[in-house]
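There are 4 protein chains.
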Amino acid sequence: MTIDRSRIEEENQIRLSWHESDLAHAVDVVDRSGVDAEAVIVEVARFSAAAPSWAVGTGGTRFGRFPGGGEPRDTFEKVDDIAMLNALTGANRTVSLHVPWDDPGLGAGAAALRRHAEELGIGFDAMNSNTFQDNPSTTDDRTVSYKFGSLANVDDGARRAAVEHNRYVIELGVELGSRALTVWLADGMNHPGQASFRGQFERVLAGLGEIYAHVPDDWEMYTEHKPYEPAFYSSVNNDWGTSLLLAQGTGDRVKCLVDLGHHLPNTNIEQVVSRLAMVGRLGGFHFNDSKYGDDDLTVGSITPFQLFLIVGELLEAGGGQMPAAAYMIDESHNLKDPLEDLIQATDALQVALAQALCVNRTDLADAQRANDPARAAEVLHRGFRTDVRPLVAEARRRNGAALEPLATFRAVGYRAAVTAARGADSVATGL
Amino acid sequence: MTIDRSRIEEENQIRLSWHESDLAHAVDVVDRSGVDAEAVIVEVARFSAAAPSWAVGTGGTRFGRFPGGGEPRDTFEKVDDIAMLNALTGANRTVSLHVPWDDPGLGAGAAALRRHAEELGIGFDAMNSNTFQDNPSTTDDRTVSYKFGSLANVDDGARRAAVEHNRYVIELGVELGSRALTVWLADGMNHPGQASFRGQFERVLAGLGEIYAHVPDDWEMYTEHKPYEPAFYSSVNNDWGTSLLLAQGTGDRVKCLVDLGHHLPNTNIEQVVSRLAMVGRLGGFHFNDSKYGDDDLTVGSITPFQLFLIVGELLEAGGGQMPAAAYMIDESHNLKDPLEDLIQATDALQVALAQALCVNRTDLADAQRANDPARAAEVLHRGFRTDVRPLVAEARRRNGAALEPLATFRAVGYRAAVTAARGADSVATGL
Amino acid sequence: MTIDRSRIEEENQIRLSWHESDLAHAVDVVDRSGVDAEAVIVEVARFSAAAPSWAVGTGGTRFGRFPGGGEPRDTFEKVDDIAMLNALTGANRTVSLHVPWDDPGLGAGAAALRRHAEELGIGFDAMNSNTFQDNPSTTDDRTVSYKFGSLANVDDGARRAAVEHNRYVIELGVELGSRALTVWLADGMNHPGQASFRGQFERVLAGLGEIYAHVPDDWEMYTEHKPYEPAFYSSVNNDWGTSLLLAQGTGDRVKCLVDLGHHLPNTNIEQVVSRLAMVGRLGGFHFNDSKYGDDDLTVGSITPFQLFLIVGELLEAGGGQMPAAAYMIDESHNLKDPLEDLIQATDALQVALAQALCVNRTDLADAQRANDPARAAEVLHRGFRTDVRPLVAEARRRNGAALEPLATFRAVGYRAAVTAARGADSVATGL
Amino acid sequence: MTIDRSRIEEENQIRLSWHESDLAHAVDVVDRSGVDAEAVIVEVARFSAAAPSWAVGTGGTRFGRFPGGGEPRDTFEKVDDIAMLNALTGANRTVSLHVPWDDPGLGAGAAALRRHAEELGIGFDAMNSNTFQDNPSTTDDRTVSYKFGSLANVDDGARRAAVEHNRYVIELGVELGSRALTVWLADGMNHPGQASFRGQFERVLAGLGEIYAHVPDDWEMYTEHKPYEPAFYSSVNNDWGTSLLLAQGTGDRVKCLVDLGHHLPNTNIEQVVSRLAMVGRLGGFHFNDSKYGDDDLTVGSITPFQLFLIVGELLEAGGGQMPAAAYMIDESHNLKDPLEDLIQATDALQVALAQALCVNRTDLADAQRANDPARAAEVLHRGFRTDVRPLVAEARRRNGAALEPLATFRAVGYRAAVTAARGADSVATGL
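Protein chains in written order, with the numbering used here: chain A, 1 to 431; chain P, 1001 to 1431; chain F, 2001 to 2431; chain E, 3001 to 3431.
Just so you know, these hints were derived from the structure itself, not from any lab. A quick note: this is a predicted structure, and the numbers were derived from the prediction, not measured. Some hints here could point you the wrong way.
[Stated by the list, open to error] Have a look at the derived ranges for each label pair, beta carbon to beta carbon:
1) F:2031 <-> P:1202: 31 to 37 Å
2) A:157 <-> E:3046: 42 to 48 Å
3) E:3413 <-> F:2033: 21 to 27 Å
4) F:2217 <-> A:417: 52 to 58 Å
5) F:2252 <-> P:1324: 31 to 37 Å
6) A:413 <-> F:2171: 44 to 50 Å
7) P:1039 <-> A:362: 34 to 40 Å
8) F:2006 <-> E:3028: 28 to 34 Å
9) E:3202 <-> A:362: 16 to 22 Å
10) A:69 <-> F:2119: 27 to 33 Å
11) P:1032 <-> A:417: 27 to 33 Å
12) E:3028 <-> F:2323: 34 to 40 Å
13) A:171 <-> E:3202: 39 to 45 Å
14) A:42 <-> E:3205: 32 to 38 Å
[To be verified] Only some residues are given here: those of chain E computed to face chain P with a beta carbon under 10 Å:
15) 3059
16) 3063
17) 3133
18) 3228
19) 3234
20) 3265
21) 3269
22) 3298
23) 3334
All residues carry an ideal CB built from backbone N, CA and C; glycine is no exception.
The task is simple: from the sequences and hints, build the whole structure.
And the structure:
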C-alpha cells in the first residue's frame, strides 16, 4: 500500500485559501494576547506521539468485538497503516510494539521489519512486554501461568518466565532501534486476603531489578500504574505513589508512565503529572480519554479541558516546550475506524498543545503571585478558547501532512484500498 | 450605588475595533460551517440566568469562610449588586431569593423590594425555601427542629413547620412577582437504619402535596435532587429518578430541577437532562461546576465540554433554542470576588451556548443516521472549537452590556465604591 | 457425574457435634434479642438463588482468561455442575440459561435438556438473551451487526434481528419451563454525539414492546440497567430511573432487575432497591460484589455490610420474608474454581440473609419513630454481628446439603473427577 | 461532674451471667480455629484511641448545625466528657487538642489543664494546629489571612504566621505532655491556574521544615493528606504519595497520618496503609467512616469489612499487634449524641480489632503461598464472622469499663446531668 502524497497535497489545495485567511486571523488574535503565534506553530510541528502497533486493529471488551474491514494481517502491514497515519498528521513518527502480539523474531526478522519501517520514515518507540496473558508459543514450560500474577507471583517459575520475557523484548528492541521498555503489569488481587500487599510489592520490585539489569545504558525503563482491571480488588502498581517507589527502588533510568485512563474517579491528573515531573521521574504518557475507567476512548473526546491542563503541566515541566518523554496514543478503537480514531486523537493532542501554548504564562504567573484566581482564569481560558485549528493545520502543512486529516483520509480512499488488498475478514492481533 | 452606564460604554469603545474585526471573522467561520452566525448571536442575547441573592456574598465551607470587602448588608443591596452584574453581562435579569436569608416581609416590605428591583430592571425568579436550618425567628415553637429532617421527619411538628414555611415563601413570591418555588430538602440519613427509606419518601411526597395546594395556578414548583450533603448516608430526593417520582406524584406543574453539582461521580448529566426533557419534567437548572462533589465552583471552569454537551441537550429539547426553564447560577464564591465569579460564570454559560449553537445539527443528525461516530465527533468539535467569544461579546453589546465584563468591572471600580459605602466588614447572609 | 450424597452426609457427621453445640448457643443469643431463631433457619432454608449456566466456566477480562480443568463441555454438563453445587448448598435449585451460549434447540433438544435437569432436581430460571455479540450461527443475514447497538440501533435490520432473537429465547424458555426473560442491552454510545439520547431510548422502548408481545401471560420480563461497559460514554438503560421508565412504558409484567455491580461509584444500592420495591417494579437480582465497577467478584467479599442492608430492604419489601423475585448469582470466576466461587457466594448470601433476619425489626422501628439513630445502629449491628453460621449450616442440613460446603466440595474430589472425565483443556462457553 | 464507677459496675452485674456464658462459647469457637482467644482479649484491652477535644460537641456542615444539650463550655469540661467516655470504654485514654479551639495558654493555664486531665486519668495525644481559619485572637496582624493558603501561600506574612502558630502549638504540647504534632493543611486551589502545583508543594515543604526545627527530639510530626475539601480543585497534600514526599523531605521523625475519609472514591485504603507501613512512615490514624467523601460518620458504620481489612494490615505491620501510632477517632457528630457516637466508634474499633486478631494468620499465609484465594477467603471470613462481642466486652471489663457501654451510658444519666449543669444551650467550640 503506497501512500500517494500528491493526493494529500491535492486535498490541501482545495482548502488552502480558507486556511490562509483563518491562519492570518489566528496569528493576529494570538499575537495580540502577548503570545508568539509562530512559536506555537513551530512547537506543535515538533511534537510527535507514537502509535501502538495493536491500535490499528479494532479493539473490544470482554463482551465482544466487532472487527471492520482491511485490518493489518501482520506487523509489516501495521507499520504501513501507521505510515499512512503519519502522512496525514505529520505527528505519528514512531510505532510502539507489543510483544508477543508483534514479534518479528530476533535477527533477520527484526532487521527486515526495521528496514521496512525506515523506508516509510517510521521509527521504533518504547517496547511493550506482555505478562498478563499466557503465551504458549513463547513459553517452553506449559505448567507456568500468569493466572496468579507474573513478577508478583509466589511461584518462582512464573516470575522467572516474566523476567525472561522482558529480557527478550529488550533484545528485540535493541535490534529495532528502540530506546525504552514499558512494563505494565496486571498483577494484583481479585480477593481480599489472596496475597500479601507487601509481599507482592517486594517481589515486583525484585523482578524489576532483574529486568533493569538487562536494560542498555542508553535506554529508559517505565513503570506504568493502574488502579484496577484486570485485577479487581487491588493492583500491585496501583497509583503514582507506588509507581514512584518502584522506579526509585529500581534505578536511575527508571521513570513513571502516566496513562490518562489509569486513575480513580475524580483524580487530579495534572497534579500527578506535576508531582512526577518535580521529582524527575516523568517518563512517558499513554494518551486517551475516559468517563468511567480505563475506557480508552478518543483523546480529548470527553474531557478536553483536562487534557489542556495536563499539557500545560508538561509545558511547565519542559520550560515552555513539551519535555522529552515517550508519548503514545493508547486507545481501544471499538466503534470508529482505527485509523480515523488515531487521526482524531492526534488532532486533539495537537489542539490541546496549541491551546496550552497560547496561554500567556507570564500573565498567569503574575496573577498567581497576586493571589488573583479570577485573573488567572481569564488568562487560562483565553488560551483554551482560542480557535487554534489554523495554527495546528499550519503545523501539519509544514510537516508535509494534511490540513484536514480526517476528510483527506476519507477522500483518498485508504480503507477501501486496504480492504480490497487484505480482505474484509482480516483481524489484527491485540486486545 | 448608581451604575454609570457611560463608563461601560467608554470601556466598550476601547475594544470596539478589535471586536469588529474578530466578529467579522467569526461570522465568516460559522457561516461557512452551515450555521447562521446571526441567529447564534440573537439566541445568546435572548438568554438570561438568574443570580441568587445569597451569591453576592462570600461563600464558605464547614472549615471556614473568608469574607471580602463591601458585601451587601441587606436584600436591597443584594439587588443593587445583581443590577450591576446585569449591566455588565446583559444576561442576569432576575434575582432568586432565599427565605429566610432574604425576607422583606409581606406587604409593605415586599412591595418596597419589588419597586427597588423594578427600578433597576431586575425581576424575581424562582423562590427558594429553607428547611435545612432551624430559623428561630420564623418559628414560634422552639421545640420544633429540622435536625432529623423537615418534610421527611417522623415528627409532625417539624413537618407542619416545613409546609407552613413553604406556604409563606409562596405568598411572599406572589407579592414579588415570582412564578415558581424551588424545594431543595436536606432530608435524609447519616446512619443506616436511622429511618425507613420508604417512610421518608412517602412523608416527603405527602408534604409536597400539601405545599403544592398553595402553589398558584400560573406557578411551577421544582423538586431538586442531590445525592448527599448534608445527609451523608442517604438523601430522600437523591437522584433524578426519585425527583421524577416526586414530581409526577405531586402534580402537573411540578418539575425537576437539575443542579450540575448534585450527581454521583461519573454521572452522564447530559443524559439526565435528556431524560427529564423527554418526559416533560425538566423545570430548572442550577449552574456551577465541580470536580468532586457539590463543589459549587465557577460554571465551566472544570468541565466546559460537559457544559457544552448539556447545553446541547437543552437546545435539542427546545428545538434549537433554550427551552423555557428557571435557569440560575448557583456557586459558592469562597475565593473570588462574588461579582467577578458571577461574571465569569455568565460568560462561560454564554460561551457554551454559542458553541452549542455553532454545531450544525443537520450534519450531526446525518452522521447519527449513518452510524458514523467519527463524523459526528468532527461536527461536534467543529462547534466546540470555534472561537465564539466575538459572537458572545456582540450579544452583550446589543443588550447594552460590556464587551469584556470582567475587565470592565475592574475598570469602573465597583468593588472599591461599595466597600467604601458598605464597609470592609459587612457580611452578607447566606451559607 | 453422579453426586454421591452419602459422602456429603459422611462429611456432615464429622462436623455434627460442633455444629450442635454452636447451633444451641446461636439460638440462645438470637432468641435473647427477641428474634425467633427457628424462623430464621426456616427462611434461610426456603431461599434459593439461580446459578447462571455461563458461571460454571472460568471467566475473563479483555486482557485474558485462564481456564482451569474440567470445565463443562456442553449445557448438560453445566447442569451437572449446578446440581453438584445445589447438593452442597441446598440453595441453588435453578439454572439461568444464556442464549446462544447455551442453546439446546427447540423441540427434542429442549426436551432432553429439561428432562436431564429435572432428573437432577434443577429447574429453569429466567432466560437471558444476548444481543451484545454478533452470533453468525443464529443470524442468517451476515450484513446485520450489533456493533452500533441492537434495539437502539438506527438500522432496522439490527433491531429486527434483536427482537427476533428475543422471541426465540422466549420460545425456548417456554419449552424448558422457564417463567421469565431478562433483557440486558449493551446499547449506548462510546462517543458524545454518536446518537440521540432520546432517539436511542425511544427505539429501545419500541423494541421492548415488540418483545413483550411475545411474552406469555404467566411470564415476567426484566429490564436490567448498567451505567457503562461495554458502552463507555453512555448506556441506554443506564440507571434505575431509566429502567423504571422502560418497564412502565412496556407493560404490567415488566419489572426491573438490579445487578449489584451496575451502579456508579458511591451509589446507595439499598435505596435503589427500596424505590423499585415501593413502586412495585422490583423483579430480579444479580448478586455479586465489586470495588470499582462491574467487577463481578464473589458475593459479599468486598462490602458484606452493604449486602446485609440490601437484603434488609428486601425483607422490608417482603414483610419479613424474601419477596418473590428472580434471584441469581452473577459473578466472573477469573481466579477461583467456578464451583468454589459459587459455593462461597451462596454461603455469603445465606449469611447476609440470616443476619438481616436477626435484626429485631420492631426495635428498629421504635428507634426510628423516636429519631434515635444511635439506638437504631445498636439494633442493626446486633443482627450483623451475630455469628449466624450455625443457623445457616442448620438450614443447609435440613435441605440435605453440607454443613460446610467448601470443605466438603474439596473432600469429595468433584473437580478432580470432572477433570478426569472432561479433560484439562475443556473450555465452557461464556464470557 | 464526677463519674460514679459503682453505677457502671452495677450495670455490669446485670449483664454478667449472660456475658460469662457468651464468653465461654466465644473462647471455644476462637480456640477451635487455632487462634488464642485469651491473646485476643489481651490485645483488645491494650488498645486505646484518642478522642479529639472538638468531638465532644455537636458537629455540623456548611448547611447548618443542630446542637444538643449539655455541650462542654470549655476545655476542662471537654476533658470531663472524655474521662466519662473512657470510664465506659476503657479505650480512650487520651485527648487530642485542637488549637486555638482549645488553648489553655502557656504556663499556668497549660499546667492546670494537665493537672485536671491527670486527675481523671487522661493523657494528651497528638496536638492539632489550625491554619485553615483566620483566628483574629491569635494573630496580631489583621492583614494576614489564610484565605489563599497558609504554608502554601505566596504571601510571606501568611506563611510566617502559619509557622509561628505551629511553633506555639508545639510549645503548648510540650507543657501538656504531648509527644506529637499533626499538621493538616487546607491549602490548595479552587480554580485551575490559581497557583503552581510545584510552587505550592515547595512552599509547604519549606514551611514544614521550619516547623520541624521546633519539634522536640522525642516527638513525632505527622502530615495528613486529603484529596479535597475545603479546596475543591486540588489540595497540596492530596494523597499518600504526596504525604510521603513531604514526610521524607522534612525529616526522620515525620510520618504520614491516614484519615479514613480522606481518599478518592474506590481507593483501596488497606493498601495505602500497607505501603506507608512498608516504608516506615505510618504515623497516625484518624478513624471514621464514609460513603461519599469526608463524611466523618461513625467508625465502622458504613464499611465495617474494610475497617477489618485495614486493622488487619496494621496487625501485619505490627507483627500481630497494633503497632505504635497515634490512633484517634475523628468524626463529626451531627445527629447522634457526641458521646454516644464516640462510644459506638470505639466499640466498632474494638470489634474490628478482635475480628482481625481472630484471623488465623498462619493459615492465611499458607493459602497465599498456594495461590488459593478461595481458602484465603475462608480463613479471612472465619475471623470476620466470629461473634467477638464477648471478647471485646471482656477486654472492657478487665479495664474496669462497661460490658455494654451505650446502654450503661444511658442508664447512668450522664447527658441529663451535664445538661442540668451546663445548660441546654451551651455550644462547644469546633467545626
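Going through the hints against the structure:
no. : hint                          : result
1   : F:2031 <-> P:1202: 31 to 37 Å : holds (33 Å)
2   : A:157 <-> E:3046: 42 to 48 Å  : holds (43 Å)
3   : E:3413 <-> F:2033: 21 to 27 Å : holds (25 Å)
4   : F:2217 <-> A:417: 52 to 58 Å  : holds (56 Å)
5   : F:2252 <-> P:1324: 31 to 37 Å : holds (35 Å)
6   : A:413 <-> F:2171: 44 to 50 Å  : holds (45 Å)
7   : P:1039 <-> A:362: 34 to 40 Å  : holds (39 Å)
8   : F:2006 <-> E:3028: 28 to 34 Å : holds (30 Å)
9   : E:3202 <-> A:362: 16 to 22 Å  : holds (20 Å)
10  : A:69 <-> F:2119: 27 to 33 Å   : violated (49 Å)
11  : P:1032 <-> A:417: 27 to 33 Å  : holds (31 Å)
12  : E:3028 <-> F:2323: 34 to 40 Å : holds (37 Å)
13  : A:171 <-> E:3202: 39 to 45 Å  : holds (42 Å)
14  : A:42 <-> E:3205: 32 to 38 Å   : holds (36 Å)
15  : 3059                          : holds (8 Å)
16  : 3063                          : holds (4 Å)
17  : 3133                          : holds (4 Å)
18  : 3228                          : holds (4 Å)
19  : 3234                          : holds (8 Å)
20  : 3265                          : holds (5 Å)
21  : 3269                          : violated (17 Å)
22  : 3298                          : holds (7 Å)
23  : 3334                          : holds (6 Å)
Checked against the numbered hints given earlier, the structure breaks hints 10, 21 and satisfies all the rest.
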